[in-house]
Every structure is written in structure tokens, then in C-alpha cells.
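Enquirer: Here's the letter readout for the chains.
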Amino acid sequence: MDNLIIEATKYTPEISFDCNKNLLKIKGKSYPENTSVFYKPVFDWLRKYLGQDEKKDVTVNIDLIYFNSSSSKILMDFCDILDEAASDGKPISVNWIYEEDDEDAFEFGEEFQEDLEFVTFNLVRKAVE
Amino acid sequence: MLKDLYDFKKDLAKRGIFFCLSGPISQNLVAEIATTLEQKMNLEETSKSTVLRVFSTVVENAQNIMRYSDEKEDELSLGIIAVGYEDSHYFVLCGNNIEKRKVEIIRSKLSELHNKDNKSLKKLYRERLRQGPPKESKGGAGLGFIEMAKKASKPIEFDFKKLNEEFSFFSMKTVI
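Chains A and B are the protein sequences, given in the same order.
Read in order, the letters of the first sequence are residues 1 to 129 in the working numbering.
Read in order, the letters of the second sequence are residues 1001 to 1176 in the working numbering.
If we strip away everything but chain B, and leave its shape as in the complex, we get (with noise of 0.2 Å):
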């Protein structure tokens, strides 16, 4: 294991990856992640509205895990988050569980904005802010996706792996 931390380091910066964290997240940590990955941007002059289009993404999609992720520790939600750059895009990675009947929900969620030019979406984030947070938004406003999606400069890519009768693993990647 402690040999294999190297190698696990020089797997994630293989894959552009310089941020990861795997385990609980919470509001306090969702805060120091996006603020010392602001301030890494800003040392590599990353221009404004990317800084803050990485920050956006990292925030929405921490907060979803806290929100949504179906493994938890008491009040605690679990899952993963990794930042990395590669072909001259930053990209974000989410994973987190979810209870088995809830993957046709997100995945018509996500299919939905998948062929959606940047105006398309624009006019649909409009309109769900004017119709308000769906009855499962747990504190959220329901617009996550759509904003992500709004931020990125491709199609969000995602996927769902099965863990057993039960759960699957939901992962998602947005690339900015």
C-alpha cells in the first residue's frame, strides 16, 4: 500500500489530474477545495471567467454529492471529486452512489441537455428558475445540471456502473 502511493499519485497525473479527494464532503471543505483551486488558477493566469467556471463546476457538483450521494456516513455524504487540465480544457469528475431507481431520473436529466446549444440552455435554466426547485431538490434549486452544462464548453459526459441489486455508482465529467 504505501509503495503504491507514488504510483497512485503518478496515475491521477497521468490523467491530467491535480486535484482528487475521495471520502466525505462537506460544506467546510467544499469551500477550502474551490477556494485553494481559485487560487491555483489565478497563479497560472488562467483568465477570469474559467477560474470562475471551474469554481462554479467544483461547487456544483460538491454540493450535489452532499445532496444526493446515496452513500452516507450519519449526516455525512460520500463520493469523489478530481480536477485536471488536459488538452488546454480544465475538467471536473464527480462520482457518488445513487439508490438504483434513480438512474433513469438523472440520466434523462443529463440526456436531456446533451444536444442543447449554449442559447437552448440558457432559455431552459431561465425557465426552471421561473418555475422553482422540484419537489426532490433537498435545499438546491434544481438548476445543477443545467449550469454545469452551461459552463462547459462539450456535452457533460456520464455513466452508471452497477454495485449490486441495490446501488449504482453514478459518475459524470464536465469539461470546462
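The following block holds chain A by itself, in its conformation from the complex (with noise of 0.2 Å):
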């Protein structure tokens, strides 16, 4: 399958899903007017990847300075996704990348953390660029 690639723009995240070296990537700001209109094809290819029968290492990095209340639905149902591929036997790394002093998304980390049973889950504080 191909990777996917979804260049950034002021309110959607660059998308970098590379499935040569299982790494996912979600960096930027996240709010669209509609958000599953943007997500729909993230949400494709994520399911299409995960059906794939490997036992493969996978990283997925969320490095979202900013997302709106509906994007935090959309990342709900996406680490729910991946759960349940790691829940299947799917070794799967997510890394929850937040700035230093931003208080709510290390909370919204700290949710997700909670949530989530079979994804190894980390936190990971980065220096404010």
C-alpha cells in the first residue's frame, strides 16, 4: 500500500503515515470546519493498514500543538482504533507530544493515557520551539 501524505495548512495537521517504517504522524493544528471530512481519508488508510496481517513494531506520534473540540472526537475514535489493533496482538507505541507548559494538552494526554488498555501509551514533554 501507498503511504499517505497530507501537506498542513493553518487549521488541518500535516498527516505522515509511512507504511515502510510503521510510522504515523500527526503534527500542527487541527480545526477544520468539518472534521470528518478531513479525517475521512486518515481514517481509511488506518483501517486498511491495520488489516494488513504484520506483527510489525508500530509508532504513531501525536504532535498536535492545537485541536478544536470536534478534532478531539476524531482523536478519540482514532486512538480507539488502534486499541483495538493492539488489543489483536498489534504491538503499537502511541506518543502523546505536548509543549512544556501547556497544561491542557498534557491533561488531554494524561485522559487518553487513561482510556486506552493495549497501546503503549507515553507522554512526551518537548521544549517550546
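Read the hints as simulated data drawn from the structure, not as lab findings.
Covered stretches of chain A (in silico footprint by chain B; criterion: 3 or more residues with CB under 8 Å from a CB of chain B, positions within the stretch not fixed):
{"hint": "1", "segment": "23-33"}
{"hint": "2", "segment": "66-73"}
{"hint": "3", "segment": "102-113"}
The following label-pair restraints were derived from C-beta to C-beta distances:
{"hint": "4", "chain 1": "B", "residue 1": "LYS1100", "chain 2": "A", "residue 2": "ILE81", "range": "39 to 45 Å"}
{"hint": "5", "chain 1": "A", "residue 1": "GLU103", "chain 2": "B", "residue 2": "LYS1100", "range": "38 to 44 Å"}
{"hint": "6", "chain 1": "B", "residue 1": "GLY1132", "chain 2": "A", "residue 2": "PRO41", "range": "19 to 25 Å"}
Within a straight-line C-alpha distance of at most 20 Å, the following computed EDC-like cross-link-like pairs (lysine to aspartate or glutamate) qualify:
{"hint": "7", "chain 1": "B", "residue 1": "LYS1116", "chain 2": "A", "residue 2": "ASP104"}
{"hint": "8", "chain 1": "B", "residue 1": "LYS1119", "chain 2": "A", "residue 2": "GLU107"}
{"hint": "9", "chain 1": "A", "residue 1": "LYS10", "chain 2": "B", "residue 2": "GLU1032"}
{"hint": "10", "chain 1": "B", "residue 1": "LYS1116", "chain 2": "A", "residue 2": "GLU107"}
{"hint": "11", "chain 1": "B", "residue 1": "LYS1123", "chain 2": "A", "residue 2": "ASP80"}
{"hint": "12", "chain 1": "B", "residue 1": "LYS1150", "chain 2": "A", "residue 2": "GLU110"}
{"hint": "13", "chain 1": "B", "residue 1": "LYS1161", "chain 2": "B", "residue 2": "GLU1071"}
{"hint": "14", "chain 1": "B", "residue 1": "LYS1123", "chain 2": "A", "residue 2": "ASP115"}
{"hint": "15", "chain 1": "B", "residue 1": "LYS1150", "chain 2": "A", "residue 2": "ASP104"}
{"hint": "16", "chain 1": "B", "residue 1": "LYS1150", "chain 2": "A", "residue 2": "GLU107"}
{"hint": "17", "chain 1": "B", "residue 1": "LYS1048", "chain 2": "A", "residue 2": "GLU107"}
{"hint": "18", "chain 1": "B", "residue 1": "LYS1150", "chain 2": "A", "residue 2": "GLU111"}
{"hint": "19", "chain 1": "B", "residue 1": "LYS1122", "chain 2": "A", "residue 2": "ASP115"}
{"hint": "20", "chain 1": "B", "residue 1": "LYS1122", "chain 2": "A", "residue 2": "GLU114"}
{"hint": "21", "chain 1": "B", "residue 1": "LYS1048", "chain 2": "A", "residue 2": "GLU99"}
{"hint": "22", "chain 1": "B", "residue 1": "LYS1123", "chain 2": "A", "residue 2": "ASP77"}
{"hint": "23", "chain 1": "B", "residue 1": "LYS1048", "chain 2": "A", "residue 2": "GLU100"}
{"hint": "24", "chain 1": "B", "residue 1": "LYS1122", "chain 2": "A", "residue 2": "ASP77"}
{"hint": "25", "chain 1": "B", "residue 1": "LYS1154", "chain 2": "A", "residue 2": "GLU103"}
{"hint": "26", "chain 1": "B", "residue 1": "LYS1048", "chain 2": "A", "residue 2": "ASP101"}
{"hint": "27", "chain 1": "B", "residue 1": "LYS1123", "chain 2": "A", "residue 2": "ASP104"}
{"hint": "28", "chain 1": "B", "residue 1": "LYS1040", "chain 2": "A", "residue 2": "ASP101"}
{"hint": "29", "chain 1": "B", "residue 1": "LYS1119", "chain 2": "A", "residue 2": "GLU103"}
{"hint": "30", "chain 1": "B", "residue 1": "LYS1119", "chain 2": "A", "residue 2": "GLU110"}
{"hint": "31", "chain 1": "B", "residue 1": "LYS1154", "chain 2": "A", "residue 2": "ASP104"}
{"hint": "32", "chain 1": "B", "residue 1": "LYS1119", "chain 2": "A", "residue 2": "GLU114"}
{"hint": "33", "chain 1": "A", "residue 1": "LYS27", "chain 2": "B", "residue 2": "GLU1038"}
{"hint": "34", "chain 1": "B", "residue 1": "LYS1072", "chain 2": "B", "residue 2": "GLU1166"}
{"hint": "35", "chain 1": "B", "residue 1": "LYS1123", "chain 2": "A", "residue 2": "GLU110"}
Small disclaimer: the values here were computed from a predicted structure and weren't measured.
Using N, Cα and C, we set each Cβ at its ideal position, and we do this for glycine too.
Could you fit the two chains together into a complex? Lean on the hints.
Expert: And the structure:
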């Protein structure tokens, strides 16, 4: 299958899903007018990718500076799909990357961490650029 | 009119308002406004958390206008949004026309949040996130008011002004 690359805009994040490196990155800001329209190809790709019968380690980097409330719903669905795949034995690590003095992003990460059972969920603090 | 413009500007400044837009709001405009305000607050050495909370409140409010304002010109939604600073806090004002039947729906949503502390708001947010969007959400997740209440340092103030038999003007103020 092909990699999925979507360039960032002011209100949508960069999507860089590499099926050869098994590295999935979401980076930037997410507040599209209609989140389900923007994320549809992302979910389609993810389902197809996770449906492959491989047991290689998958790394997912979620590096969002800002996301609106409808994107938080999308992120939850996204993580749920990963968790389900992990429950079937796929080794998946999610790195929730937040800026050092952004308490809200840290708290969001903590909540996702509590909700997910099977993926390895890491809270990764990074210095402000 | 021309001579009043300076007075109008001065009046906004007197109220602490440093940004104001009244008219049609589009997604591109939301992005430009939010990004410009972010730049301005960064220049003022505002803390990262505060910048992001104001950014978030502006986006949620503006997208509410886009989704729910009942003053439309074709595809465009109209409303008013203002951002200011008073008593050491940023605030965001937002207003738009709504159909009369929506007054009680919005009032009950915002009243429900009024007396909740931050912990209860977070709990409610998680519950709603799990429940999924309500029928009338129009591409949103039905979480915007809770999101804003979480970011706010005090309860969201709101008001409804009857315009005629059909419409009311809904306004709210979020203090960060």
C-alpha cells in the first residue's frame, strides 16, 4: 500500500503515515470546519493499514499544538481504533507530544492514557520551539 | 458616520476590546484571526497556556457562528466576535441571531455548565466525548460550550435579546 502524506494548512495538521517505516505522524493544528471530511482519508488509510496481517512495531506520534473540540472526538476515535488493533496483538506505541508549559494538552494526554488499555501510551514533553 | 469612526474605535478600547469583527465569518477568516491574535499575545509575552486558551475560545466561538448562526447570506453565517483584556484577563465576546425556539435549548446547555467546577466539567466532557455528537451538531462534536467553560476562569455569561417574533440575539462572554 502507499504512504499517506497530507501537507499542513493553517487549520489542518500534517499527516505523514509511512507504511514502510511503520511510523504514523500527525503534526500541527487541527480545527477544520468539518473534521469528518478532513479525517476520512486518514481513517480509511488507517483501517487498511491495520488490517494487514503483520506484527511489526508501529509508532504513532501525535504532535498537535492545538485541536478544536470536534477534533478531540476524532482523536478519541483514532486512538480507539489503534487500541482495538493492539488488543488483537499488534504492538503499537503512541507518543502524545505536548509542549512543556501547555497544561491542557498534557491533561488531554493523561485522559487518553487512562482510557486506552492495549497500546503503549507515552506522554512526551517537548521544549517550546 | 466617518467622523464617528474614531469614537467607535475609542469606545471599543474603553471596553478593553482590541479585536472586533461583525459580519460574515468563514473558515479561512477564523484561521487568520486566530493566528493573528496568537502572534499578538506572543508579543505580549502571554503564557503558552493562556495563548492557547484564548485561541481555542476564539475558534470555538467563531465556528459556533459558522455552524449555528441563523443570520445567513447564502452559505455565509453572520455574527460578531470581539476579544479584549480587562482586570488581568483576556475575554472573548460572541453574538449571533438564533431562531426563537433555540433560546431555551442554549439556555439550558449553558445553565447546566454554570455551577460546575473544573473537575465536573472535565468529567462531563469525557462523558459527552464517549456519547458522540448530538443530532443537531452540524459537523461539530457538541462539545464547544464545555470546552469553553473548561478554558474559562469563571462561569460563561450569556444573554438573549428578543429581536422580533422569529429571532433572538444570543450573546456570551468567556473570561479566560
